[in-house]
Each structure stands twice: as C-alpha cells, then as structure tokens.
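Chemist: Sequence:
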Amino acid sequence: MKKSIMLGFVLSSVILLAACEGKKEDTVSLSTSSIELSTNSSTRETASSEKIETAIGKRSNPVPVGTTATFDTQYYTEDGSKIETNVSMTVSNVIRGQEAMNYLTSANQFNETPPAGKEWVIFDVVMKLNKGSQDDPYYVMPNFTPVSSNGEEVSQEAYATLNDGEEFGYKDLYEGGTQTGKVGILVPTGDDTLIEFNDFNTKLFFKLQ
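Residues -18 to -1, 1 to 191, numbered by mature numbering (1 follows the signal peptide of the UniProt record, and there is no 0), are exactly what the sequence shown covers, in order.
Don't read these hints as lab results, they were simulated from the structure.
Among the hints, erroneous ones may be present.
Said to hold, decoys possible - Derived DMTMM-like pairs: lysine to aspartate or glutamate, alpha-carbon spacing no greater than 25 Å straight-line:
hint	residue 1	residue 2
1	185	148
2	164	181
3	189	54
4	164	81
5	164	148
6	185	157
7	153	106
As the list claims (entries may be wrong) - Computed Cβ-Cβ distance ranges for the label pairs, DEER-style:
hint	residue 1	residue 2	range
8	170	62	37 to 47 Å
9	62	191	35 to 45 Å
10	63	97	37 to 47 Å
11	49	130	17 to 27 Å
12	47	148	12 to 22 Å
13	171	58	36 to 46 Å
Predicted model, so just to flag it, every value in this text is computed and none were measured.
Just so it is clear, CB atoms sit at the ideal spot from N, CA and C, and this is done for glycine as well.
All chains should be built: construct the whole structure from the sequences, respecting the hints.
Modeler: Pasting the structure below:
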C-alpha cells in the first residue's frame, strides 16, 4: 500500500514538473516576441533561424509624418577633420493642393501655379543636433528630393518662395542646437510621394501623408 502511495506521489510530481516546464517555455517565447516587436531600429534579431532586419527610414518603410527619426551621420571641418554626429529630424504639418497654393500666394504673389498634374506640398522640418561640435558647425541644407509612388524622382518646374525666415536650411548648427523651417515642393496630384533627405552621408525617406 505504501509503495502504491509513493508511486502515485512520484507520478504526480513528474506531471506537475512537466506542466511547469511547459509554462516556462511559453513565457520565454512570448518574451522573445515582445523583444522583436519593441526593437524598432536598425538592429538585427534572430527568430526561427531567420534574420529579421528593420528598415525604418528606407523607401520601403518610410518615417511616418510627425515621427522623429534619430540617426548617426558625420560632417567635416574646414581643415578636413571628421566629426561624428547624431541628428534628430521630424517632418510634420503637411499641407497640399489648394491650401498649399493659398499659403504660397499669401507669402509671395509671384509664386507660380503648379503645372498640370502636379500640386504644391508644404511641410515643416525640425532638426536637432544631439551630438556634434561646440566649435565647428554642422551646416544645414534643405536636401529633400521628392520620389513618386512609381519610384521616380519628381522634377521641379518651379520653386516655392516662403515668408522671410521661414525656409528650412542654410544655417549653422552647433551641438544641442535646433533648426525649424518649412519646405515647399511640387508632387504629382494626389500621389503618395515620399521625401528623401540626403546629407551625403545618410539617406532617410519620410512620408507626406
């Protein structure tokens, strides 16, 4: 009788231990999934023997409107010294079509009406130099190129003239500095055109809608 009781106890312990191990394995799996979903950067994770690489900022996965992208880049001083830097950039407050045309007309009456099949788009850009130099500035250029949904660079038959002091770029930024301004470009009417920022070291694509 005692042997039967002892055998039953051992079997119960084995079943309980197996159940606990099963639960532990599930928890690890969920934890791994959570890590993969939360690492929304350029890091690489391995799951089920497959490499998963996120690509935020690439044309296939552009930065959403109003989202801040932070990236590493570099620039050079007048004597050719390289300065490693870190930049944050946000594209927001996008207007297009007639609203954008009205804005440009109020800024300068000589702004041109867009050619057939195209419309004006105006957006705000905020750039912050998180890391750089206290002595040698990073020169901000409005290097934005529109790329249409069919993968073609959009030609610019006209250029937007904004209110004095509104245009983004053409300024020096030292470490910790921020620059805010507007950019106006022509895009195909109603098209899901993306904006490519290129400082000749780093390229990022941003959504406009």
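Chemist: Confirm or reject each hint.
Modeler: Consistency of the hints with the structure:
{"no.": "1", "hint": "185 - 148", "verdict": "24 Å, holds"}
{"no.": "2", "hint": "164 - 181", "verdict": "17 Å, holds"}
{"no.": "3", "hint": "189 - 54", "verdict": "20 Å, holds"}
{"no.": "4", "hint": "164 - 81", "verdict": "15 Å, holds"}
{"no.": "5", "hint": "164 - 148", "verdict": "6 Å, holds"}
{"no.": "6", "hint": "185 - 157", "verdict": "21 Å, holds"}
{"no.": "7", "hint": "153 - 106", "verdict": "16 Å, holds"}
{"no.": "8", "hint": "170 - 62: 37 to 47 Å", "verdict": "41 Å, holds"}
{"no.": "9", "hint": "62 - 191: 35 to 45 Å", "verdict": "41 Å, holds"}
{"no.": "10", "hint": "63 - 97: 37 to 47 Å", "verdict": "45 Å, holds"}
{"no.": "11", "hint": "49 - 130: 17 to 27 Å", "verdict": "21 Å, holds"}
{"no.": "12", "hint": "47 - 148: 12 to 22 Å", "verdict": "19 Å, holds"}
{"no.": "13", "hint": "171 - 58: 36 to 46 Å", "verdict": "40 Å, holds"}
Going down the numbered hints, you'll see the structure goes against none, and every one checks out.
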